[in-house]
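Letter by letter, the chains look like this.
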Amino acid sequence: MTSAARGDAVIGASPAPRNARWRVTERPANERELVLAAQRGQRAAFSALVRMHERRAYAVARSIVANHEDAEDAVQDGFLHAYRALDRFLPDQAFGAWLHRIVANAALDITRRRKVRDADELPETVASPFRDPAEGSELRSRLTAALDALPPRQRSVIVLHDVEGFKHSEIGKILGIPEGTARSDLHYARTHLRSLLGDMRSEQ
Amino acid sequence: MSDEHRGPELVRDDALTATLRAIYEKPTGEAYWAALEGRIMARIDESEAWWSVSDRWLRAGLAAAAAALLLAGAMYFRAQAHINRTLAAEAIVEVEGLESALAQREPISQDEATLRKLTGHQ
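Chains as they are written, first to last, in my numbering: chain A, 3 to 206; chain B, 7 to 128.
Isolated chain A (complex conformation):
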């Protein structure tokens, strides 16, 4: 784990050179200090924020887009948008929640663009380079197909909740929907997927 990911980067009161690397010290740096430093134009502070949040940002993006490559693109777009909008961010807010909303919007943009682009193309199967050994299992392939058949928002909700552990209120903020909608989406998505699993179990 890098020093910034551990939260031990040093934030100076005076602006550091934009390309300065954070020194590893015993003094922990909190997110707010990193945000303030990034807002002062310190590139390394924003880089530390990227290190702290890229995994969760990827998870948010991956729950919305269809594949790993699009999730990577959405994460990059999201961080770029966040960097440009950093002046408008209030440091007392939760940076992660703000960033996740931006990444989710970037992912939705990619999904919309892909829909338009794929309208004239044959459906493609993009293989993620990070598949686990169970990739070829029937359960997994059928569940993947069932997930693809779910309405996109329901798919995002079940992934964000069951895979990433976000709360309904957080999911609501990320996707821009009421908390109750997130709950009902989760219910419908689980019911659908569980019935599929039930069918498979009864076949065995």
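Some hints could be false.
[To be verified] No more than 35 Å apart at the CA atoms, straight line, and that leaves these computed lysine-lysine pairs for DSBU-like:
no.	chain 1	residue 1	chain 2	residue 2
1	B	32	A	117
2	B	32	A	175
3	A	175	A	117
4	A	169	A	117
5	B	32	A	169
[Stated by the list, open to error] Some but not every residue of chain A turned toward chain B, in silico, with C-beta under 7 Å:
no.	residue
6	49
7	53
8	64
9	141
Worth flagging that the hints you see were computed from the coordinates, not collected in a lab.
All C-beta atoms in this analysis are idealised placements derived from N, C-alpha and C, irrespective of residue type, glycine included.
Chain A is fixed; fit chain B onto it per the hints.
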């Protein structure tokens, strides 16, 4: 109260959850995340470079536009002043010409003047 206990419909299925986690497994390994961070920062650097170039062009364009505006304004006022001077000069010439024309007229007698007034002929 957790989400799982708010209603009977939100029952977690462990097998389903495990399979979902396998499908949506995040890339593992620090190298991957370090590389992604590098790509993100590279895009930001590219974007900043583009913005700084466009910003320079924007400033140059604004300066050029301001200079052109000043020049056009100066030329307009100069032309307007020239027109005003010409009109004023023409007015003076007209007045002087009228006065000299009147001065060149032959003096008339009092009787002739009275007659012209009565007949309406100047």
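Taking only the CA atoms, is the gap from residue 32/B to residue 117/A under or equal to 35 Å? 24 Å, holds
Between the alpha carbons of residue 32/B and residue 169/A, is the straight-line distance 35 Å or under? Status holds; Cα separation ~19 Å.
Less than 7 Å between beta-carbons is the criterion; does residue 49/A satisfy it with respect to chain B? With a closest approach of 5 Å, the residue 49/A hint holds.
Please verify that hint: residue 64/A, Cβ, nearest Cβ of chain B, below 7 Å or not. Since chain B brings a Cβ to about 6 Å from residue 64/A, closer than 7 Å, the hint holds.
Taken at face value, is the distance from the CA of residue 117/A to the CA of residue 175/A at most 35 Å? Holds - the C-alpha atoms of residue 117/A and residue 175/A are around 24 Å apart, at most 35 Å.
Restraint check for residue 169/A with residue 117/A, where alpha carbons must lie at most 35 Å apart: Status holds; Cα separation ~29 Å.
Is residue 32/B close enough to residue 175/A, meaning Cα to Cα at most 35 Å? 22 Å, holds
Hey, does the residue 53/A contact hint survive, CB to chain B under 7 Å? 5 Å, holds
Taking 7 Å as the limit, does the beta-carbon of residue 141/A come near enough to a beta-carbon in chain B? Holds, because the Cβ-Cβ distance from residue 141/A to chain B comes to roughly 6 Å (cut-off 7 Å).
In summary, this structure violates none of the numbered hints.
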